[in-house]
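J.: Spelled out, the chains give:
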Amino acid sequence: MAGRNTDSDGDDASGGPGYQTPGYRPIVHGAGLCLALIAAWLLFSGYFQPLLLGLGAASVIFCLWIAMRMDLLDHEGVPLQITWSALLYMPWLFLEIIKANIDVAKHVLAPTLRIAPSLFDAPISQKTDLGQTLYANSITLTPGTVSVDLEPGVIRVHALHPGAASGVLEGEMDKRVTAVEGDV
Amino acid sequence: MVLDVLSWVLLLAGAAFVVIGAFGMWRLPDFYTRLHPAGLTDTMGAGLILLGLLLQSEAGLVAIKLLIIAVFLLFTSPTTGHATARAALAAGLRPWQAKENRKEQGET
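If you're matching them up, the sequences are chains P and D in order. All residue numbers for the first sequence refer to our numbering, where the first residue is 1 and numbers rise by one. All residue numbers for the second sequence refer to our numbering, where the first residue is 1001 and numbers rise by one.
Careful, some of the hints might be misleading.
No farther apart than 25 Å at their CA atoms in a straight line, the calculated lysine to any residue pairs in the SDA-like style are these [what the hints assert, rightly or not]:
#1 D/Lys1065 with P/Ser59
#2 P/Lys127 with P/Trp84
#3 P/Lys99 with P/Asp121
#4 P/Lys99 with D/Val1019
#5 P/Lys106 with D/Phe1023
#6 P/Lys99 with D/Leu1051
#7 D/Lys1065 with P/Tyr89
#8 P/Lys106 with P/Ala116
#9 P/Lys127 with D/Ala1083
#10 P/Lys99 with D/Leu1073
#11 P/Lys99 with P/Ala116
#12 P/Lys99 with D/Gly1052
#13 D/Lys1065 with P/Trp92
#14 P/Lys99 with P/Leu119
Calculated from the structure, these hints are not laboratory results.
This is chain D alone, in the form it adopts within the complex (with noise of 0.2 Å):
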């Protein structure tokens, strides 16, 4: 009962994140900027989630492979998002700047 409970929030908190996430990537003003709300959604996002998961499993195989899961995501979910700035760079896309930064901005 406590656990269903404690399992709800964390899977509510979880969700709650990745519509902040989503949100966050609809109103913020170019890629760079979205790249962060992005992490939300596959760091405290899919983190709560798996955590709500793993109280409603029981003690064994399946909560091992969740936490091998949230190891996963530690590793790919870095990696891509890492790719994708990176490679956005190399095209030669310029980050957005806030309007009084922008007349300083002679270096990078």
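Chain P with its partners taken away, still in its complex shape (with noise of 0.2 Å):
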């Protein structure tokens, strides 16, 4: 992203697996949570009485105060970086969850049970937690391969059948989660 502090050499020396300091911004990343947390109320209840809003704005405060103090304010707890690219990653998403739907459906209410499962281990290109995450959760989504096991540069899914597990293999959703997951 423009602007983003992009000497990230020191990934890995300068912590565990995935941390990264250059995508620390507190204040950004607390001003779009202190946002989100207002929207939530408001949407949530409805209300508008100074009461309930004052409770709001002591809820808010609270939890902002909680973030902070568990050191929740970056990339990876607010992830504000990725939320226009997984936005446009969405309907992709979901088009492959539906076609996936429609397979298994197919396979599970086949006269004859035509199922060959597997288990087998598949590169990742991710390289941040959240993007792993995104991906892992986006493979157990679509129905006929769940995610199994994740380790540094590989993922370990569970396929129903064949169809399913080259699905993954061919890595089509690995490269589009990593566009969303972007420089970080």
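If you follow the hints, you should be able to join the two separate chains into one complex; please do so.
T.: Written out as structure tokens, the structure reads:
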């Protein structure tokens, strides 16, 4: 992303796996979280009396304080950087979910059960914990494939039949998730 | 009127996916394969039912709450699916294999 500090050479040297310092901008992420919390309170409550708005303000401040104490105000706790690209990714993911649903429903309803489940490892190209989580969740969300284990650079997947397995191995979803992840 | 018909179609289609998912969980042979039809229930099943309810609700806070339920499901259902599958693997449960695959099974 433009204007982002990119000298992240010290990625793994500076902390545990997936730890990165350049995404740490507590003011920006704190403001983002604050807006999200205010919107959530107003949408969930729907009441606008001073008492309830006051309780809402107190809750938002309390949540922000906890998030600050827990060191959550970074690119991972408040992933502002992927908001727009994630919105673009979702229609594609929904289409894949629908296709996979119909496919698995067909297999379940077929007169003779023709499944050949497999457990295999597939390479992943996401660098951040957030990107890897997004990819693993996307795999699990599409019926026919479930992510079973995640190790650095590799994801272990259980697939219902070879068609679903080759869908993961082709790496289309992997590429798209990495694009969402961007250059955090 | 049109909205009512459309919402009924969505609700019934969602219910159908829930039933197919339940049927699949009964029909498939082992824990890991059963995870896949369980996915039907909480993706298309829940999704279509929420969409059908969305058409029944007036635009406003109720609609937004339904959408937010969908978003929560989008995060929680794969997380629990992954957690249960991983726990099963860690506990040493071996996946069921189709007959023709059993002989050549040397790799995981």
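J.: Hints first: check each against the structure and report whether it holds.
T.: Okay, the hints, checked on the actual structure:
no. : hint                    : result
1   : D/Lys1065 with P/Ser59  : holds (19 Å)
2   : P/Lys127 with P/Trp84   : holds (19 Å)
3   : P/Lys99 with P/Asp121   : holds (23 Å)
4   : P/Lys99 with D/Val1019  : holds (18 Å)
5   : P/Lys106 with D/Phe1023 : holds (12 Å)
6   : P/Lys99 with D/Leu1051  : holds (18 Å)
7   : D/Lys1065 with P/Tyr89  : holds (22 Å)
8   : P/Lys106 with P/Ala116  : holds (14 Å)
9   : P/Lys127 with D/Ala1083 : holds (21 Å)
10  : P/Lys99 with D/Leu1073  : holds (19 Å)
11  : P/Lys99 with P/Ala116   : holds (19 Å)
12  : P/Lys99 with D/Gly1052  : holds (19 Å)
13  : D/Lys1065 with P/Trp92  : holds (23 Å)
14  : P/Lys99 with P/Leu119   : holds (21 Å)
Going through the hint list in order, the structure satisfies each hint without exception.
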